[in-house]
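> Fit chain B to the supplied structure of chain A, relying on the hints for placement.
Residue numbers (UniProt numbering), protein chains in the order written: chain A, 1 to 251; chain B, 1 to 251.
To be clear, the hints were calculated from the coordinates, so they are not data collected in a lab. Quick reminder that beta carbons are idealized off the backbone N, C-alpha and C, glycines included. Any given hint could be a false lead.
What the hints assert, rightly or not - Beyond 10 Å from chain A on every Cβ pair, some chain B residues (computed): (1) 11; (2) 12; (3) 19; (4) 40; (5) 54; (6) 71; (7) 72; (8) 149; (9) 156; (10) 171; (11) 178; (12) 213; (13) 226; (14) 234; (15) 236.
Said to hold, decoys possible - Okay, the calculated bits of chain A under chain B, using three or more residues with CB under 8 Å as the criterion: (16) 12-18; (17) 176-190.
2 protein chains.
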Amino acid sequence: MRETDFVGGFAKGLAVIEAFGEAKPRLTITDVSKETGLDRATARRCLLTLAELGYAAYDGKFFELTPKILRLGHAYLSATPLPRLVQPYLDQLSEKVGQSASVSVLDGVEIVYVARAAQKRVMSINLTPGSRLPAYCASMGRVLLAALPEAEARAIVEASDRKANTPYTKTEPEALMEEFARVRQSGYALIDQELEIGLRSIAVPLENARGRVVAALNIGAPAAHASAEDMVTRYLPAMREVQAALRPVLA
Amino acid sequence: MRETDFVGGFAKGLAVIEAFGEAKPRLTITDVSKETGLDRATARRCLLTLAELGYAAYDGKFFELTPKILRLGHAYLSATPLPRLVQPYLDQLSEKVGQSASVSVLDGVEIVYVARAAQKRVMSINLTPGSRLPAYCASMGRVLLAALPEAEARAIVEASDRKANTPYTKTEPEALMEEFARVRQSGYALIDQELEIGLRSIAVPLENARGRVVAALNIGAPAAHASAEDMVTRYLPAMREVQAALRPVLA
Numbered sequence: 001m002r003e004t005d006f007v008g009g010f011a012k013g014l015a016v017i018e019a020f021g022e023a024k025p026r027l028t029i030t031d032v033s034k035e036t037g038l039d040r041a042t043a044r045r046c047l048l049t050l051a052e053l054g055y056a057a058y059d060g061k062f063f064e065l066t067p068k069i070l071r072l073g074h075a076y077l078s079a080t081p082l083p084r085l086v087q088p089y090l091d092q093l094s095e096k097v098g099q100s101a102s103v104s105v106l107d108g109v110e111i112v113y114v115a116r117a118a119q120k121r122v123m124s125i126n127l128t129p130g131s132r133l134p135a136y137c138a139s140m141g142r143v144l145l146a147a148l149p150e151a152e153a154r155a156i157v158e159a160s161d162r163k164a165n166t167p168y169t170k171t172e173p174e175a176l177m178e179e180f181a182r183v184r185q186s187g188y189a190l191i192d193q194e195l196e197i198g199l200r201s202i203a204v205p206l207e208n209a210r211g212r213v214v215a216a217l218n219i220g221a222p223a224a225h226a227s228a229e230d231m232v233t234r235y236l237p238a239m240r241e242v243q244a245a246l247r248p249v250l251a
Numbered sequence: 001m002r003e004t005d006f007v008g009g010f011a012k013g014l015a016v017i018e019a020f021g022e023a024k025p026r027l028t029i030t031d032v033s034k035e036t037g038l039d040r041a042t043a044r045r046c047l048l049t050l051a052e053l054g055y056a057a058y059d060g061k062f063f064e065l066t067p068k069i070l071r072l073g074h075a076y077l078s079a080t081p082l083p084r085l086v087q088p089y090l091d092q093l094s095e096k097v098g099q100s101a102s103v104s105v106l107d108g109v110e111i112v113y114v115a116r117a118a119q120k121r122v123m124s125i126n127l128t129p130g131s132r133l134p135a136y137c138a139s140m141g142r143v144l145l146a147a148l149p150e151a152e153a154r155a156i157v158e159a160s161d162r163k164a165n166t167p168y169t170k171t172e173p174e175a176l177m178e179e180f181a182r183v184r185q186s187g188y189a190l191i192d193q194e195l196e197i198g199l200r201s202i203a204v205p206l207e208n209a210r211g212r213v214v215a216a217l218n219i220g221a222p223a224a225h226a227s228a229e230d231m232v233t234r235y236l237p238a239m240r241e242v243q244a245a246l247r248p249v250l251a
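Pulled out of the complex, with its shape left as it was, chain A reads as follows (with noise of 0.2 Å):
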């Protein structure tokens, strides 16, 4: 690519809207140079052309994002047929055991959700399309990253923010690279608390018709509700079946 091909403004633009985010929903153009370590002036020129093109609302001293945003994510949501196609497995998935299931895709060190059926919420966050977990301690995390070549599922195990969320999460580098073996060779990732305390979840990948892992799904349960056997046997077999039936629907 050469330098000429790239439109600074755009991705300097692009950088002041992901310096907004959890608790910080208002900002002022000294927070955002300081977030994203763009000078004052540049920082400055990109969140009034976002407020003047209704992406943001500014009262004089703080910018928040306006609804105009969610344009951009749905952009991709409603472009890609992932979603659309697997959303309605989903729902019968998680109607049929109970629990909520969703659907994600690796994005550098992350999980991002692209579909969920939820029964009650369990966890302390909320998640919905668009949400984003660390992909080493995440059950769809561990078996995306098992279906990557090993020196690649290294690499992102080792720029990973590898935190104990948990006393039982697995940390160390050689600790994850087993676990993946076990992964491809069970065909599931099982999540014992590793994220949180008092929750348990199981993954299987979603391949294509040509056999390449292009998303996985889970099932997350409260440990109250399923002890990690019962997340075998009780949700394997149905999550099996749904993996079964995409095969030649996926892309």
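Same frame as chain A, but now just chain B:
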């Protein structure tokens, strides 16, 4: 705003993202140029910038958005307290009445879903946070338009592409303005198969502690489940409770 405060490359780039959408998941440079009105060279530079930053994938001919683009919409969803605040109420309401419940806000002539608790899917379209519907023919849209000064509501109605989705859809500006007056008096809007045959929905405004309408709440139900009268007698009382519970909570 001075012209020098506007980052043209940023504005063009955002238009390029919005060019992707349903039925347009994969676009060539020419497609994007046509869709946005940008010249080919500009469209190309914006697309290559998206690809360079990982927001798009490029196979040498077609561009498609990647899940990274969801970060942009998610910046709003996670930054804005509204979705988080209303979600537990929506979950409870949806479970209580056995129907889908949603919250949306107005964006131009459309409503945007910011939170949703879905029961079995009844609409032909798949609604998730970020989904849009024309305000004039959606129950939440009627509630939000009814809360505006009349001249403003009329301007939005007149700017709307008012199609008769079904034989029941109100499309005449005068009929809609009368409907808004009814909504203001009764405190709720009822849509009886105006958006889609077989679907009814009822909406109420959500006010903040200062009495300003900040969003709308609705319940949608298959016509076979509930007559228009049932919508009011069965669902409205539970919706009124949510409305009252949220009033002190909403900013």
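> It remains to establish, for every hint, whether it holds in the given structure.
These are the hints, each one checked on the structure:
| no. | hint | result |
| --- | --- | --- |
| 1 | 11 | violated, 6 Å |
| 2 | 12 | violated, 7 Å |
| 3 | 19 | violated, 8 Å |
| 4 | 40 | holds, 13 Å |
| 5 | 54 | violated, 8 Å |
| 6 | 71 | violated, 6 Å |
| 7 | 72 | violated, 4 Å |
| 8 | 149 | holds, 19 Å |
| 9 | 156 | holds, 14 Å |
| 10 | 171 | holds, 25 Å |
| 11 | 178 | holds, 28 Å |
| 12 | 213 | holds, 15 Å |
| 13 | 226 | holds, 20 Å |
| 14 | 234 | holds, 22 Å |
| 15 | 236 | holds, 24 Å |
| 16 | 12-18 | holds (count 5) |
| 17 | 176-190 | violated (count 0) |
In terms of the numbered hints stated before, the structure departs from hints 1, 2, 3, 5, 6, 7, 17, listed from lowest to highest.
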